[in-house]
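With the hints as a guide, dock the two chains, each given alone in a separate frame, to form the complex.
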Amino acid sequence: MKILVVDDEKNILMLYKAELEEEGYEVIIANSGREAIELFETQKPDIVTLDIMMPDIDGIQVLRQLKQKNPNIPVIMLTAYDYRDDFSIWASDAYVVKSSDLTPLKKTIKEIAEKFGIK
Amino acid sequence: MKDKERVALFELLKLLEIYEDIDILLERLIYYICELMNAQAGIIRLIKNGYLHIAATHNISLDIDLLKSDEGICGEVIKEGKVKRFNKTQLEGKKLDIPAYSAICIPLQMKEENIGTIVVYNKINSEGKIVEFDTEDILIGELFSAVASLIILKSLKFNELREREIQTIKIMAQIEELKSYLESLIQSSADAIIATDMDNIVTAWNKGAENIFGFKQEEVIEKPLPIIPEFLREIEKIYVEKIKNDEILKDIETIMLTKEGKLIEVSLTMSPIKSSSGEIIGISRIIRDITEKKRLERDLIRRNEELTKILFISSAVRSTLDLNKLLRMILTVITMGEGLGFNRAVLFLVDEKREVLQGVMAVGPSSYEEAWQIWSSMAREKKTLFEVLDELNKREFEQDSFLERLCKNISIPLSENTPLVRAVKERKIFNIKDVHKEEADPVIIQQLGTFAYAVIPLVSKDRAIGAVWVDNLYTRKPITDQDIKFLKGFADQVAGAIENAWVFDKIEKAEKELEMLFNSITDLIYYTDENYTIKKVNKSFLDAIGLKEDEVIGKKCFKLIHQINHPSQECPHKKALETGKPQVGEIEENYLDGVYLISSSPIFDKNNNLLGTINVAKNITELRNLKERIMSMEKMAALGEMAAKVAHEIRNPLLAIGGFAKRLDKDLKDEKAKEYIKIIIEEVKRLERILNEILSFVKPYQIGKESFKIKALVENVINFVEATLKENNNELKIIVEEDFTVLGNYDKLKEVLLNLISNANDATKDGTITLKIQKADKLPLEIVDMKKDYFIIEVEDTGCGIQKENLKRIFDPFFTTKISGTGLGLAISKRIVEEHGGIIKVESEINRGTTFRIYLPLYKEKGGDNENLSS
Chain A
24 MKILVVDDEK NILMLYKAEL EEEGYEVIIA NSGREAIELF ETQKPDIVTL
74 DIMMPDIDGI QVLRQLKQKN PNIPVIMLTA YDYRDDFSIW ASDAYVVKSS
124 DLTPLKKTIK EIAEKFGIK
Chain B
17 MKDKERVALF ELLKLLEIYE DIDILLERLI YYICELMNAQ AGIIRLIKNG
67 YLHIAATHNI SLDIDLLKSD EGICGEVIKE GKVKRFNKTQ LEGKKLDIPA
117 YSAICIPLQM KEENIGTIVV YNKINSEGKI VEFDTEDILI GELFSAVASL
167 IILKSLKFNE LREREIQTIK IMAQIEELKS YLESLIQSSA DAIIATDMDN
217 IVTAWNKGAE NIFGFKQEEV IEKPLPIIPE FLREIEKIYV EKIKNDEILK
267 DIETIMLTKE GKLIEVSLTM SPIKSSSGEI IGISRIIRDI TEKKRLERDL
317 IRRNEELTKI LFISSAVRST LDLNKLLRMI LTVITMGEGL GFNRAVLFLV
367 DEKREVLQGV MAVGPSSYEE AWQIWSSMAR EKKTLFEVLD ELNKREFEQD
417 SFLERLCKNI SIPLSENTPL VRAVKERKIF NIKDVHKEEA DPVIIQQLGT
467 FAYAVIPLVS KDRAIGAVWV DNLYTRKPIT DQDIKFLKGF ADQVAGAIEN
517 AWVFDKIEKA EKELEMLFNS ITDLIYYTDE NYTIKKVNKS FLDAIGLKED
567 EVIGKKCFKL IHQINHPSQE CPHKKALETG KPQVGEIEEN YLDGVYLISS
617 SPIFDKNNNL LGTINVAKNI TELRNLKERI MSMEKMAALG EMAAKVAHEI
667 RNPLLAIGGF AKRLDKDLKD EKAKEYIKII IEEVKRLERI LNEILSFVKP
717 YQIGKESFKI KALVENVINF VEATLKENNN ELKIIVEEDF TVLGNYDKLK
767 EVLLNLISNA NDATKDGTIT LKIQKADKLP LEIVDMKKDY FIIEVEDTGC
817 GIQKENLKRI FDPFFTTKIS GTGLGLAISK RIVEEHGGII KVESEINRGT
867 TFRIYLPLYK EKGGDNENLS S
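Going line by line, the protein sequences match chains A and B.
Counting in this note's numbering, the first sequence runs from 24 upward without gaps.
Counting in this note's numbering, the second sequence runs from 17 upward without gaps.
Only chain B is shown next, with the shape it has when bound in the complex (with noise of 0.2 Å):
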């Protein structure tokens, strides 16, 4: 052996050193055979599953070049199981790794096995030429094989080793991590996961449960489980049984009870625990608390219900308008789990008198005990809130509840301002979520035990009527937007139907009111339909005719009354029906003894149509004896005055025979002739006094009136005037536009009408006095009798006026401002003018002039009822 080829095998073998790193080894171990055979390039291969990979390589680089380990040289030494070398003709048409003119392939074995193969490729000479392989590079060959087949399978085992070695760690590793990541899922689930024992002793207790359920995990384990709510143990003794028997319970909705005392829903399911002897040692309970799910899953029943639900409530509500029983069906659905499913719900209505909000009904169970009693028995009977509410509505209420007890005692003023009071105030919904850290009622909190509560206000045509206040005193669960927005709806309905109740009761009450009133009048009031058939009388009505309601109803008007077959011509109430107007009228009625003054008006629908007639009959019998009474008088007045006249006609004559039978009686001498003349002035003297005693009691004086023509009179008081306007140089002009004819005394008015000229003659010079008649078109507020026509007799002037303090006291009598005048003359005029019926009015201007205007009804002759003037 050469040095080199020494120095080659001992670096070879020191390998053996660097076993640790398998690639390091080959890249050595293929470099030094290279080195120790003078080869240009080599090459190691390893078998895996049938294939010859590249472990390592000399100065060749080949990506992938995976070899089948019976193809080209290499399969050929495998299959031999020799060192074979090969010359330039032998490599001809070969697979080779790179161009070789030589080459050397060495199998690597190991105990009969093939692991591999080493190929080495053209050998140098001395000079550096490329030369064929000899024999003794065969034996080298064959001196590594064993050598580095030994290498190479001791570092492959080894290396083995050290994998299998990393695969355990990471094993284990992973079996930690799956423990913990159990451990923490458990922990972490949000589920209670509890186990117990077949006693339901607690032997583990997750975070999840103590989330749910409040209890630590100390609190319970080797304790009694407590969540199980006393009004399910029989099913859970049932439960238990069936986990004894191996079943497995899947997912039963049921309640269970936390720590605070709340009930919640929950998924449970429930599984055994069996020991490694397959024996059941406990109970696994997986719990999920359901209330989330739950309230989605009612929400979605709500949104589908709340229609068909407000629907119902709604025909329940009209279906009744008691109030009472209205108001506790409305507290009803609020508190019915299958319904708004709070637990306690009052009602509070504003009592507008005594300015308090008042505690008007409850309905709520008022302990614990009660609540667990009401809500099993429901859930056995299952009866559907329809069925609760048409069972209300049947029912009469008895109202001895101990909550309805308190709620009734609570009254609270509207001046205060809690939520309950700003709630119906501000209508405004609170949402109170704890009493402790919200502003909240006193008394509420006092009397109700509450911890958390909402109130809604009942709004109906924009006023607040009152409250609905609503908690979950036992069940504790919170109340919700969803509650809250649903109750909102609810009350917005319900406010309407109290309302439209409450209106009821007051219209109930109203009408009983206008019953009596109905009755307590004394006119007769009766209604008839348009046919006459008589459809209500007061009790006045049924007084006056004798008969009793019923015989009364339903007959014919005229047929009653009149007892007649038809409807009177005279009747106010057949005009009415006619004209359908109302109309009034006496008339005298037989059979009821009277005079009757008979008011029908008739009564329309909204479309107008004639629905009958409302009647008011007064009995006027007493009125109407007065009137003759005073008819009477006046007849008498008017004989009185005849009186008057004729004992005027009397007087002058007996004041001559009186007057001279004195003086004759002064000039006699004759004793029996004295005894006449004597004789004569006592009966005269007697007369006078019969006179005197007559005349006394009738109205002396009245003026007598006559038609004539106006135009006349005007024509006559020219006449007695031109004269005296002269003197003033005052122009008189006459408008007669339109002649009249006026009933009245003709000497009167032309007093009046020379007065007025006379005074605006006085008042005027160098000017015009301009006297017109006319039509009256518009007539002064003070004309008494509208209903007649007027005209206007007008004197106007254009004179220095009348100064307006003096305006309004010239037709007082002595006034004047004349230096001649009585102060009379206006006066006496308008006295005149009132005396016809007629008003005088004044308009003045300082330095403009003077306007007199005469207002006079105009006489519409009959002929021939004409009075005499009386003087």
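Next up, chain A with everything else stripped away, as it sits in the complex (with noise of 0.2 Å):
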């Protein structure tokens, strides 16, 4: 199963390739939106994790762009603080609030390749 995880900050990325790919997921990285959405063409991930504040362009644009070149793909946002208000969000199929603590994040992306059948 290929994840593709987007966040602007490279310790971060480094810290997730490594724990996912522990979990035994092949990790694709992009250090920023416009980064993430070549990613996304080329690499044809099967599931996405993208944080949302992004300097270029930020999570929710990039969770947009995605779900108009494939709605079916599952997109699990991670965030800073909460932004359940936000309904473009609602768009994405999880939401994990980002903590030095990835159980949340390895359980939610459990849950959504069972949920879309994805091995």
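Please keep in mind that the hints were generated in silico from the structure rather than gathered at the bench.
Glycine residues also receive a C-beta, built at the ideal position from the N, C-alpha and C atoms.
The reader is advised that the hints may include incorrect statements.
Unchecked claim - The calculated SDA-like cross-link candidates involving lysine to any residue, where the alpha carbons are at most 20 Å apart (straight line), are: (1) K90/A <-> K846/B; (2) K551/B <-> L626/B; (3) K33/A <-> A677/B; (4) K98/B <-> V163/B; (5) K701/B <-> D124/A.
Said to hold, decoys possible - Derived list of chain B stretches under chain A, where covered just means 3 residues or more per stretch with a C-beta under 8 Å from a C-beta of chain A: (6) 674-684; (7) 696-706.
Quick look at the structure:
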């Protein structure tokens, strides 16, 4: 299963990549919104995790573009604080608050994978 | 004597039989004389008053020939007293009845008295020739003279006797006629002619008396005179005394009583009846009913006085607004002799709540006895209507007359249809002349015992407020049209006054209510004139300022409230007076310890002159405190937002620190190092927990705004979409009528535009997409803040259009008609536009195209207050 992880902070990308690869997933990382859209086209990931706050194109716009390209792609939104009243993230499939404890994220990926039937 | 002469004489003597008719007698007489004397013609003249009148003729036709008794041959003969003959010569130049050649004139004498003459003309002999009379003829004439005189005289005497008899009969008839005429005069006289003895026992009673008083002759003859009212008995005695002294009382105007008990006004002439010896044995009374005359008289007076009276009444009425007094005055006018002169008057007013006509007040005597008393005392005191009214106006009324108590018990439902109610409902006058023969109010008959009455509606300003009921129970005087007419005029006059008093009553109540209302309002209300002088304040005002009313009224408001010597510049009161328009403002008032919202409204009179202001001051100290609290909360929220930003910036590094620490923990074997790492992990967790706690109550998201030119955004967007548009062979037109500055999130708005253009492109093939920026002249109703200026971003395509049923749903999240759409594009666009204080509208027509219009507020740059984008 191929996961595209999008975040503007390289350290976080490094951490996520290490942690998720340990879980047995193939991980591609994108350091910006633009890169995320490019990689989404070229690498065809099964799942995308998206940071919302990014300097070039923020996560919500990326989400929108990804969904327009492929409405069936599962997207998990990662955020530093509560975005739940912004209904534009309703278009995403899951929502996880960023934390040094990655357990909630891993758990969510598993659930989504099951839901979408991805191996 | 010859045969012929003998026959003539015989015939002559026979004439004595026909003496009855003197004319025939004389005619025969002259005929036989002529016959006897063989004469051609003859004439008899009789003396009357010194003249000779022709009494009869033979063969002579003369019209009128009067001769003096000493004239002509007749005069000669009368003078001499004997028969005379005349020949032709002697007749020459004499005045003759016919042309004559001979004549004989015979005087007619009786006891030396000359009574006339007979003249015979032209003796004719046996040959038919006219010859002279001879002496024999004189002898015959002398014989005739005696006989004829006797005959004539006898006949005349008889005639005279007969005439005298006829005359007597005539006189007798005339006397008879005169007698019956007198009798019929007395009988048929419209005047009552009554004779009594000195003790007023009736001895004669004519038809006129029957007609006027109603008593039949047989009812009164030999009985005491029944027509003197009780209250006039004393005066009557005085009259009788005067008659005893042989006085005649002429044309006394007084009142008498009829059999029905009705009082009538009469003119009375009393004279003594004397016996043949001159002793006074009785009294004759000629009584004329002058009710009609009096009425006419009064009508005249009425007409004259009507104006004055109405003037007076309205002034009297104006002088009192006390409804009770006013009504009493009105009823008095109706019943006073000098006023309308009705016996009784009752006032009914409409009680709208109970829907009845209620008896309110009554004026009038309650019995015959009372009526006499009132009238005689009125006659004694001789008060004028004016005096009585004046008295009424000054006096407080005690209302305990019997009639009044009766009338107050009368209330007739308005649903009924008796004359009294109809008078009100139909505004119609009723004059019921006989309650037994016409439709009448049973209640009235029962309670007031009336026989005939009239009802006049009281109409004021097109509204029937009640009715006036009147009757003449005691005098039984019929209510005439004239009475009604005047009463109506009067009622019309006073209805207005009643209404006024009524309204005044209501106003008084309303005023009290208003006063109560005014005082129960908790806001401070005060009314000042145009010079800031306080005219009126409410209770709240006095309570707040801690003074009594008399310490406040007449003071200058600024001095009283603000303790300053000139009106405060900021006070809405001053502004209201200066501008003449209502002003509202907040004032912090130290002396009253609080913040007040003052609304000051100028008051104008009819001619638009400023009279002053009404000021309402509301203590908004509490409100102000609340507002401040909200403001501080908003500050807190802004602070929280900052915290959120900071927290966000911290969270990412923490995540990295914590995450990698955990990874290190797994790899590290050294116990000590492991312990240190654990500390790092725990501390990171603690910081993250604190961050979560902080973030959980701050609003986590708000778009950043900056001011930018819309044209720049449009140009940026074009670069993005050009390639896409080419795919569908669409042309993009850009029309920027005017460049606007907008305060907003550049990226968000860009997204909106991209979204709209992308949608337009999807819907259109080989068409045109127009992007237009223009000023908004007309604003849709949905715009909240109408004070701002708006511009429009319009995206128009020539595409397939949107189905009507879809049109209202296109802004819903997840609604899409596209196979590959998320259904979020327009929902997000709408949200973004709204976050910018604008609205988005859509119009579409199938196969013609769709137009989206975004209305955004214009940003007026003050410079330097741009906000940074938040991401």
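Verification of the hints:
1. The straight-line distance between the Cα atoms of K90/A and K846/B is roughly 19 Å, inside the 20 Å bound, and the hint therefore holds.
2. Between K551/B and L626/B the CA atoms are separated by roughly 15 Å; this keeps the pair inside 20 Å, and the hint holds.
3. Only pairs whose Cα atoms come within 20 Å are accepted, and K33/A paired with A677/B is accepted, the gap being roughly 16 Å.
4. Simply put, K98/B and V163/B have alpha-carbon atoms about 14 Å apart, close enough for the 20 Å limit, and the pair holds.
5. About 8 Å separates the Cα atoms of K701/B and D124/A, which keeps this hinted pair within 20 Å; it holds.
6. Using a Cβ-Cβ cut-off of 8 Å, 6 residues of the region 674-684 of chain B lie near chain A, which meets the minimum of three, so the contact claim holds.
7. Chain A is given as covering the region 696-706 of chain B, and this holds because 4 residues of the stretch bring a CB closer than 8 Å to a CB of that chain, at least three being needed.
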